[in-house]
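Asks: Take a look at the letters that make up each chain.
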Amino acid sequence: MTSVLDARGIVMTFQNGDEFTRVLLGVDVTLDPGELVALLGASGSGKSTLLSVVGLLLRPTAGVITIGGERVDTLSDAKSSLFRNKRLGFIFQFHNLLPDFTALENVSFPAAAVGGGINSAIRQRASELLARVGLSDRMNFPAARLSGGQKQRVAIARALMNRPELVLADEPTGSLDRASADQVLALMREINREDGTTFLICTHDERVASRCTRRITLRDGQIDSGIRDKTS
Amino acid sequence: MFAFLVARRYLRSNPWQTALLIAGVALGVTAFVFITALIQGLAVRLTDDVTAKSAHVSLEPADRVARVLPSSDYDTEAVALVSMLQRKQIRTWAATVALLESQAEVTAISPQITGSAVLVRGEAAAPVAVTALEPKNLDAISPVSREIIAGDARLNANGILIGVRLAETMGLSVGQPVLFRTDRGIDRLLVVEGIFRSGVQSLDERVAYISLETARPLFLLPSGVTNIEIKLKDTGQARAFANFVSGATGLRATPWQDRNSSLADALTAQGQTGTLIQIFSLISVLIGIASALSLSANRRRSEIGIMRAFGVSRLFIASVFVMQGLLIGIVGASLGCLAGYGLCGWLATFTKPDGALALPIAPAEGGYGLVFLLTTAGAVLASVIPARSAARLDALEAIQQ
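Those protein sequences? They're chains A and B, same order as listed. Under this note's numbering, the first residue of the first sequence is numbered 1, with each subsequent residue one higher. Under this note's numbering, the first residue of the second sequence is numbered 233, with each subsequent residue one higher.
Just to be clear, a hint being listed does not mean it is correct.
[Claimed, not checked] Covered stretches of chain A, going by a simulated chain B footprint (3 or more residues, C-beta under 8 Å):
#1 53-65
#2 106-112
#3 125-133
#4 147-154
Derived from the structure by calculation, the hints contain no laboratory data. Quick caveat: nothing in here was measured; it's all calculated off a predicted structure. Beta carbons are placed, not taken as given, at the ideal position from N, Cα and C, and that holds for glycine.
Make the full structure from the sequences, and use the hints.
Replies: In structure tokens form, the structure reads like this:
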């Protein structure tokens, strides 16, 4: 079975003038289809950097990244953009939605921007996704008028718009109250279970990690442990 | 096109800023239209003023030069000299007039004898430039009869029309005789039939009109004329028509522009000044667009980062900002053209007591098509800088901000 993600020997070094900061020191990560993986670690451990590298938002200093069997660390800017659009989904803690657009338009955006507009197929898919995240009645609401939990559910729907193999979530519940966080987490688990979509969730929240099928902990730029938790 | 929808939504999301931006563009375009209409109107008025009272094309005999005569004797060479006493004239003027009358663009033809003379009354003497013409053609080139302030403009065989300042200088009034002495030394007593006031001092004290038949014996031109003056429907065609007539008749044809080169220079300088003002008003419009869109791009950094994260191309991001520039340019230029036309039309309603426009403005000549194209194209160009900077944003950096 082909891994959804296979990252080998990932090194990430940032340069600031003459100063070099090594954030990732040869990280190996493999995700199988249908996994819901928590990426844990203290602040500065490199987990957000690893998420950005895996999401093709940062090019690693060294290492090889394969997603769905395709090597992606050497793609050009235009090709990696297209790859992100077609095969990856992103959920962020802040700045989730485009405030001047409705919930439906936000969800449609990844497909519409590449496909030339919101056609009937895109509209239908976006409507289905919004219904799935429980926001059928908020489709034409401006994003700016949605609550925090609703915004994050719209962001989840948007991440799923192009049927990605891998969804990368960076502290998806970090800015939500407990009830909203539980709703969002339950939703991600449901999608993971029902669709088999693989999730890599960067978090420092033990409650989130405990509901994932596996956890990866980073410490000082290296993998600390990998535990498959099948009880959650 | 989805980028167009996004651009429109961005502009609508901040209506006051967009309205101010469009108002700024419209104001610049209005200024452009006003300056263009004013300069064009001024040029038309100056040209009209000059061409209304003068010929559009003047025909004169070609310059005579000494020429070598053919000879069979190799030892001698004969040269035909030019007589300085012989007056230059157009002998075949009737045929030339017939040719001119067949041309559709010609509106008036006036064969004339022009020369110098001295008016003598008692001990007073004054030099005058004489224009002799057929009485029926008196108003063909310049509306002389409309400028008569005393007497009439019948121009009888022994009559003369003189300017008001000449009349005052010599103490002449209508009906009084005056001795007319030509540059050929021939005298004749003429009667002042009319006194005119052209409003141009040099004309009012130096010009006199007599009839063509009266002038023939006085200037020793029994059958010819010295020049033929022509008016055309379109003054702009004067140079081309002059070339045509010159080729057809062998006469020297001079368009009005060559006789008023200082006017042409003034119009050119005026046009260049107007162009500079137009360029500066357009530049200010473009700087406004570029700075406003740059601010917008900066304010939307995080949104651009999100878009880039879910795979929207740099080209799409850039096209959103270019579309905003295009929309601002189209709407601003349209409103500016309308406002400019309205302003010029309103200013054109103000007239002086004599009925002339208070401001020589030509509302139809505002350069609307040009300014619309320049503003729209310029707005697109001005948006390229913020578009490029938005497209170059690093997604991760923008999201983290």
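Asks: Looking at the structure, which of the earlier hints fail to hold?
Replies: The structure conflicts with hints 3 and 4, although it agrees with all the remaining ones.
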